[in-house]
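All chains, please: the whole structure from these sequences, using the hints.
Number of protein chains: 4
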Amino acid sequence: MFVERFKSKIVSHFSYFIGSKGDAVVVDPERNCSIYLKTAQRENMNIRYIFETHRHEDFVVGSRELAHLSGAEVYHGSWPDFTYGNVLRDNQEFRVGDVMVTAIHTPGHTPGCMSYIVADLESGYEAVLVCTGDALFVNDVGRTDFGGPDKRREWSESLFMSIVGRILPLGDHVILCPAHGSGSVCGSNIASREWSTLGIERLMNPVLRLSKEEFIEYKVNERHEYAPYFRLMEHYNIEGAPFLGAGQNCKAFSAEEFRSQMDSGAVILDVRSPSAFGGAHIPSSYNIPVDVLSFAGWFLPFDKPVLAVTNDVDDLEYVSKSLASIGYDNVVGYLGGGLSSWYSIGYPIESLRLVVFSQLKSWLDSGKEYFLLDVRSKDEYEEGHIKFAKNIYVGLLQERIKEIPKDLPIVVICGSGTRASIGASILLRNGYKRVYNFLGAMRSWKELGYPLSK
Amino acid sequence: MFVERFKSKIVSHFSYFIGSKGDAVVVDPERNCSIYLKTAQRENMNIRYIFETHRHEDFVVGSRELAHLSGAEVYHGSWPDFTYGNVLRDNQEFRVGDVMVTAIHTPGHTPGCMSYIVADLESGYEAVLVCTGDALFVNDVGRTDFGGPDKRREWSESLFMSIVGRILPLGDHVILCPAHGSGSVCGSNIASREWSTLGIERLMNPVLRLSKEEFIEYKVNERHEYAPYFRLMEHYNIEGAPFLGAGQNCKAFSAEEFRSQMDSGAVILDVRSPSAFGGAHIPSSYNIPVDVLSFAGWFLPFDKPVLAVTNDVDDLEYVSKSLASIGYDNVVGYLGGGLSSWYSIGYPIESLRLVVFSQLKSWLDSGKEYFLLDVRSKDEYEEGHIKFAKNIYVGLLQERIKEIPKDLPIVVICGSGTRASIGASILLRNGYKRVYNFLGAMRSWKELGYPLSK
Amino acid sequence: MFVERFKSKIVSHFSYFIGSKGDAVVVDPERNCSIYLKTAQRENMNIRYIFETHRHEDFVVGSRELAHLSGAEVYHGSWPDFTYGNVLRDNQEFRVGDVMVTAIHTPGHTPGCMSYIVADLESGYEAVLVCTGDALFVNDVGRTDFGGPDKRREWSESLFMSIVGRILPLGDHVILCPAHGSGSVCGSNIASREWSTLGIERLMNPVLRLSKEEFIEYKVNERHEYAPYFRLMEHYNIEGAPFLGAGQNCKAFSAEEFRSQMDSGAVILDVRSPSAFGGAHIPSSYNIPVDVLSFAGWFLPFDKPVLAVTNDVDDLEYVSKSLASIGYDNVVGYLGGGLSSWYSIGYPIESLRLVVFSQLKSWLDSGKEYFLLDVRSKDEYEEGHIKFAKNIYVGLLQERIKEIPKDLPIVVICGSGTRASIGASILLRNGYKRVYNFLGAMRSWKELGYPLSK
Amino acid sequence: MFVERFKSKIVSHFSYFIGSKGDAVVVDPERNCSIYLKTAQRENMNIRYIFETHRHEDFVVGSRELAHLSGAEVYHGSWPDFTYGNVLRDNQEFRVGDVMVTAIHTPGHTPGCMSYIVADLESGYEAVLVCTGDALFVNDVGRTDFGGPDKRREWSESLFMSIVGRILPLGDHVILCPAHGSGSVCGSNIASREWSTLGIERLMNPVLRLSKEEFIEYKVNERHEYAPYFRLMEHYNIEGAPFLGAGQNCKAFSAEEFRSQMDSGAVILDVRSPSAFGGAHIPSSYNIPVDVLSFAGWFLPFDKPVLAVTNDVDDLEYVSKSLASIGYDNVVGYLGGGLSSWYSIGYPIESLRLVVFSQLKSWLDSGKEYFLLDVRSKDEYEEGHIKFAKNIYVGLLQERIKEIPKDLPIVVICGSGTRASIGASILLRNGYKRVYNFLGAMRSWKELGYPLSK
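Read top to bottom, the protein sequences are chains A, B, C and D.
Note that my numbering has the first sequence beginning at 1, numbered continuously upward.
Note that my numbering has the second sequence beginning at 455, numbered continuously upward.
Note that my numbering has the third sequence beginning at 909, numbered continuously upward.
Note that my numbering has the fourth sequence beginning at 1363, numbered continuously upward.
Careful: at least some of the hints might be erroneous.
[Claimed, not checked] Heads up, simulated SDA-like pairs for lysine to any residue below, C-alpha to C-alpha not over 25 Å straight-line:
#1 B:Lys463 to A:Pro409
#2 B:Lys841 to C:Pro1256
#3 B:Lys822 to C:Gly1254
#4 A:Lys361 to A:Pro409
#5 D:Lys1683 to C:Gly979
#6 D:Lys1400 to C:Gly979
#7 C:Lys946 to A:Asp312
#8 B:Lys461 to D:Glu1556
#9 D:Lys1400 to C:Gly1246
#10 D:Lys1371 to A:Asp314
#11 C:Lys1269 to B:Glu804
#12 B:Lys775 to B:Arg496
#13 A:Lys212 to A:Gly148
#14 D:Lys1808 to B:Lys461
#15 C:Lys1276 to B:Glu804
#16 D:Lys1683 to B:Arg496
#17 C:Lys929 to D:Ser1616
#18 A:Lys21 to C:Ser1324
#19 D:Lys1400 to C:Val1240
#20 B:Lys492 to A:Ile35
#21 A:Lys21 to B:Asp768
#22 A:Lys446 to C:Leu1029
#23 A:Lys7 to C:Leu1029
#24 B:Lys475 to D:Glu1745
#25 B:Lys908 to B:Phe669
#26 D:Lys1369 to C:Ala1154
#27 D:Lys1574 to D:Ala1589
#28 D:Lys1371 to B:Ile489
#29 C:Lys917 to D:Ala1608
#30 C:Lys946 to D:Glu1618
#31 C:Lys1229 to C:Phe1123
#32 D:Lys1383 to B:Arg897
#33 B:Lys475 to A:Asp314
#34 A:Lys38 to C:Lys915
#35 A:Lys390 to A:Ser366
#36 A:Lys304 to A:Glu239
#37 D:Lys1574 to B:Glu580
#38 B:Lys492 to D:Tyr1680
No lab work stands behind these hints, which were simulated from the structure alone.
Nothing here was measured: the structure is a model prediction, and the numbers come from that model.
As structure tokens, then:
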């Protein structure tokens, strides 16, 4: 039995290729199907089945395109009403080579969630691994808020029953294969470790140490963000997204063309680091550093051309493929030659003032007036923040922009200075002038032992 | 000014990417356009124009797909009647950055052939390089037989006038950028060296040392093969081929599936070496070793699935991309696990006897009767062959199969043992039993100083 | 916590890179250390400790060179008397970032074997994975024969106690990280699946279902091969091998030079497939197909130049790196241009007759006399073989060559036709003429339901 | 005949691999020899000869190490007194396959300079290409200042005679293969185009249009910079540099370790863009953006550890290999996790104010006092600069630092903002506080049509 895990970094999504003796299954494929086809070729395997654990909300699932390319059949649960693929029965079994896959119904994250138990008949009938989708993660469990407030209690109870009644009983020895890892918005506290087992979760997953009532209470009150692009993902993953094929070509534009595209409505996405964006950037660009690219789903429009700014042409493939994996087929170009093409012909740049701990501290101590804007999530904020800082989550900043005063210097704060740079770019786009990004942010604040308000 | 040459190995085709200051042109793109888009991205350039030197006969030109992906405009000559792109005027000029391209009419290979003179205005107005398409090669000139026997003299004269009247006068210093290199069927004697200039050709190209009359006579009498797949290429290159996109997926088949595909009419293409094919192969497969893959154009059908046999999964990408570059979008699979998947379940194999010089010599000396089949081109044959050997070009063997006796052992002979393996596989497919491939073939025969008939 | 497993394919050896927050440990590094340094760089980690589970017998451990390059400290058990590194105490703990490593003494495979329990303090103190070296594999346990017959019972008991008393009690939930996978000679029946846990092994590993007495009896009577190169590995792994650095350069030789090197004593290693070797090969070469390269350790000398024959230049890097990983620093060249360079100048080739099931069956049925030589291991042979076949393990064939009659045609048999090709090449080197390789071999024989003797 | 050109980007150095029928020569190899060995392997060729055009001054030549690895022989001219290799006779000939190499003495750049004429006997005896080292470049000729002022006239005359008397007479048709391309300090005005011929140079190279007297006068008065690291290169290239082997390992350091290394004397090399350096950087680091890395040779010590700062781990291989190619074997580490590792624990950062055209213009117009420091070369400065700007070449800034006033804000100016960032980092290291980098610099100044002083 052969197992390979694939990670789609932008949304920290895991998919699985499991095969034996020339045949294989894929669980929860990402949109860029070529990775599975290449593995199939290298391993001399044929993809027979594609299993979806559930209707994904945060990325475009590649099932339909992969089925088209490989000839495999798609299977998923009975909710929602998918327009493609086959609906599974609980306990339905599939065999490829020595691999036996058993689909079990594990609702909670959504009513249609399935998990896939995998046995390796070369060794015996015991479960070897289980693909749990968004039911169970390393150190966390799935969200239960997608049905809206009315369903939340019901779905949370359902999730508890699925985990406690169907997944954990498979045994401590079973390897855990979830759909997401650390950094995903589908869980709040997924661990950075990607290797786990049901036993490890039973022993150490903090959510699983709660009683049923505590669990439900915890889940009902948990806070999650709902990024606007989810809506399109949900639509795509029910109806089937347009095929990716070879993907969108991302062209070099000269500074002149770039400016003219901007004038016609193109949106500028600067993926450079907070330091570089702080140093100099094109006015009215969004800064979404390449390692937190999924925040694009909060702001970037699907219906206008998106143009990238980067100093590293090698980033472009990652940027365009990753944005395509969350449905953006409109990354049509980039600034050829990077920012220096822009300023070398005298086009205007803007900077964002960067401040570190020692400076901020002295300002605050000096009594000068600042508006401290903490763009972390409400949970992070409540765990400890700088006194007087106001909390608006970075994803909601655009729509709550009116709450920010125009007459004060604004210091944007997050955990390390990265999300704050996104937030600061939004403020600059909205005409705010005296904006600071606090580099190091709460991490350095805590590191140096300064007082936190709760 | 930036220049990059791309080589499509299967038909030894060269294309050129030439750019300056953010803009670029591509000359004679191959079907797999992603290579130009990647270069454009790496060099921060935008492809503005795509130039075709002529209606290519031996591969699918990628102009239309590249234009679609890059937004560039396509230009070509006035013959034939292309259904896409723009027709050039003689001496029409194009400028991208410091690059000045001048299109000149250089008919002969076809009536519509264009050459593209490139100057680098950073240095001055003198020509720096010229893209000559199939007019002038390193050590050879283009074929003049595509118009049929009636036009051949006229086209040959035309070619002479184009080379002598328009290309060579550009000056000895001009770098030669032809559409083909060594191994192409578009010339008979193209040198292996890929770097040349007009001066080098003027001084050393043997065809350019002929007088006009000698040149015409030589060209009119020159022999060329016309591979059947050319017809589809000509059609595609006038009408525009289907877009390649991400290309055809090439699946692993189990031996059982492979056999069942064969039973339903799939054609087997064994791309292993002559030694490996000789050792063991699946009955009724074609052997076209991976380094002479273009012979596929003589035999492989376009309307049936093609299945590959190789021991090296890494070959598959080359095989499927290369066959796609000559129009085969039907390479749907391969034997997963290679030949051992086949014989390990007891399926029958066949071998092809391999013989080297010393053995063949002793057989011939012993007076035993053999049918010697020389599958090289008529020209090669006439330059020297083994006494009594009969010449049938490997490309024509299938249709002339009746000329081969069934009651004698047959020794297939080529230059080195590679084309002979193709020929031998055709004989085996046609029921011949006592077939030998002479490894080393004429090369070893000559190396060892044995007598040649002429 | 970050974990990456590396596989050295030639001996199916696993090493592990485990890190957290900028620091890392490596367990059982292979000789080519650059792979760990690259991972360290990509993950922004510093290698602090290198742990050896035991004195490896089948490959060169890279500890000393990796320590030199990274500044890390090496640790291992107290047996044998290593000339480098530090000796561990039982239960000694090491911490890097959130990773806690506890070394435990798990003798049996050797008296000095250590296992390394890894906890991820981000989640808690429970063990997450354990590196068991050659104590416990997926579906098998380590050999106990390296101490010689006198120690075997003692070591076997010791191994039982280590597994049952120290490893399994860590809990079903713990992920198993052994030093070898399927194909290794360090276990007889390691499963192809590379993912397992202690619980999976407790439930399904057949050796772990034996009682203590049964286990000891089983291990004492188990048969293992001891490849001659092990002796050098043991020496290197106590004393420290020469540093690999950038590795040996492997040069192209012309056929003439190749022959002259052969005349001066160079050994020829043909890594092509059994079909290709069968079709044609250079007389007196060993055939060790690239996918079973570790058999080199049975035959290849360390003190003479080794020259490779392959048709695929891309194999060379794998061949020379892999042979270096088992101590061969003498792969100095290869036949440039592959076999056709050889036969194209008329040099002699030899072939090896290949036979498949149907032919062999009809021969046997016809009563013609053949010597059937089964080169599989004694265990495989005893599980079922063709009547009258004589068993000599391929590794011992050279030294037992006198047992093979010179006056009969010899059919060499293994599982699939690969090891038989090695064996046949040894026979040919020793002057046997009528040698056949049975392609498909016992696999096809069983597939087709023919009778087996036991 | 096969030709491949290799480019070592850091010093824009070209080397050449030229081969035929299994044998090859390499001209002017760079220190990282593995690139030639890989090509030799891919092309099935054996490197027989290594030719040096001259004692290189700006990079470490790899001849001795490549000779050691390949068995090839090294040849060079008779000046200086090399401690390795063989001295050539004028017109000495070498043959490998169909390639004929003729070494000719072309002094001028140094007294021992050789050029190598290459003919392809497959086509004939005419020269096909010539490797001219530092005698003749595309659009420029070599420096003549390395012998000191006393020799300069003599060497310049010598160079003229070599070009006019020996190189150009080879014919317009000969392809030019120089040792350097655009960006090299070995020529002032080398064109960006890398393809040229002797004829193209004869027609368009501005230096070749001068009379002998004009040429000498021009060369004698030409200004060149002499970077301090040249001295070590000259030494290495006479004595032979230490072998590179697998190269220096470049380790991730935590911010704490990084700081402690700094405290022990390590030098910090920040290779990020001017924008990023401007935004935030570690105090007292040098900024040498990755695309102008060769400036390291002006400042970086050879005898202290060098630590890199970059946000892109992928840059590290380029940085350490490239610095090794100019003799820096002391790039021992980098800041793991990039700059955010530093500021996230509250360590201090510094910024460099960035200004663009419009701001600078308004400041200047306002009459406020600024010290304008133009760090371009004297030639560039004299071609046109901003009024009142003082010129100190960036390479000399450290030693002339006293000429910069401490009491004025300083605006550093170069062509585009890149070298100015190097200069500004030097000022900051020297305690200057009010330092500005003018992004876009003279390029935007000219683009917008503002007045230049000459």
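Taking 25 Å as the top limit, are the C-alpha atoms of Lys212 of chain A and Gly148 of chain A close enough?
Roughly 21 Å between the alpha carbons, so the hint for Lys212 of chain A and Gly148 of chain A holds.
Just to be careful, I want the Cα atoms of Lys492 of chain B and Ile35 of chain A compared with a cutoff of 25 Å; is the pair within it?
Answer holds: Lys492 of chain B to Ile35 of chain A is near 19 Å, not above 25 Å.
Given the hint that Lys1383 of chain D pairs with Arg897 of chain B, test it: the Cα-Cα distance must not exceed 25 Å.
14 Å, holds
Take the C-alpha atoms of Lys1574 of chain D and Glu580 of chain B, compute the straight-line distance between them, and say whether it is at most 25 Å.
With a Cα-Cα distance of about 24 Å, the restraint between Lys1574 of chain D and Glu580 of chain B holds, given a limit of 25 Å.
CA of Lys775 of chain B to CA of Arg496 of chain B, is that 25 Å or under?
Between Lys775 of chain B and Arg496 of chain B the Cα gap is close to 22 Å, so the pair holds against 25 Å.
Holds or violated: Lys492 of chain B with Tyr1680 of chain D, Cα cutoff 25 Å?
Status holds; Cα separation ~20 Å.
What's the verdict on Lys38 of chain A and Lys915 of chain C, does the C-alpha distance respect the 25 Å limit or exceed it?
This hinted pair holds, its Cα atoms lying about 19 Å apart.
Holds or violated: are the alpha carbons of Lys461 of chain B and Glu1556 of chain D at most 25 Å from each other?
Cα-Cα ~19 Å, so holds.
Does Pro409 of chain A lie within 25 Å of Lys463 of chain B when you go C-alpha to C-alpha?
Cα-Cα ~62 Å, so violated.
Is it true that the CA of Lys1683 of chain D sits at most 25 Å from the CA of Arg496 of chain B?
21 Å, holds
Need the status of pair Lys929 of chain C, Ser1616 of chain D: alpha-carbon distance at most 25 Å?
9 Å, holds
Can you confirm whether the C-alpha distance between Lys1574 of chain D and Ala1589 of chain D stays at or below 25 Å?
Not satisfied, since the Cα-Cα distance of roughly 29 Å exceeds 25 Å.
Comparing the model with each numbered hint stated earlier shows that hints 1, 6, 14, 27, 31 do not hold.
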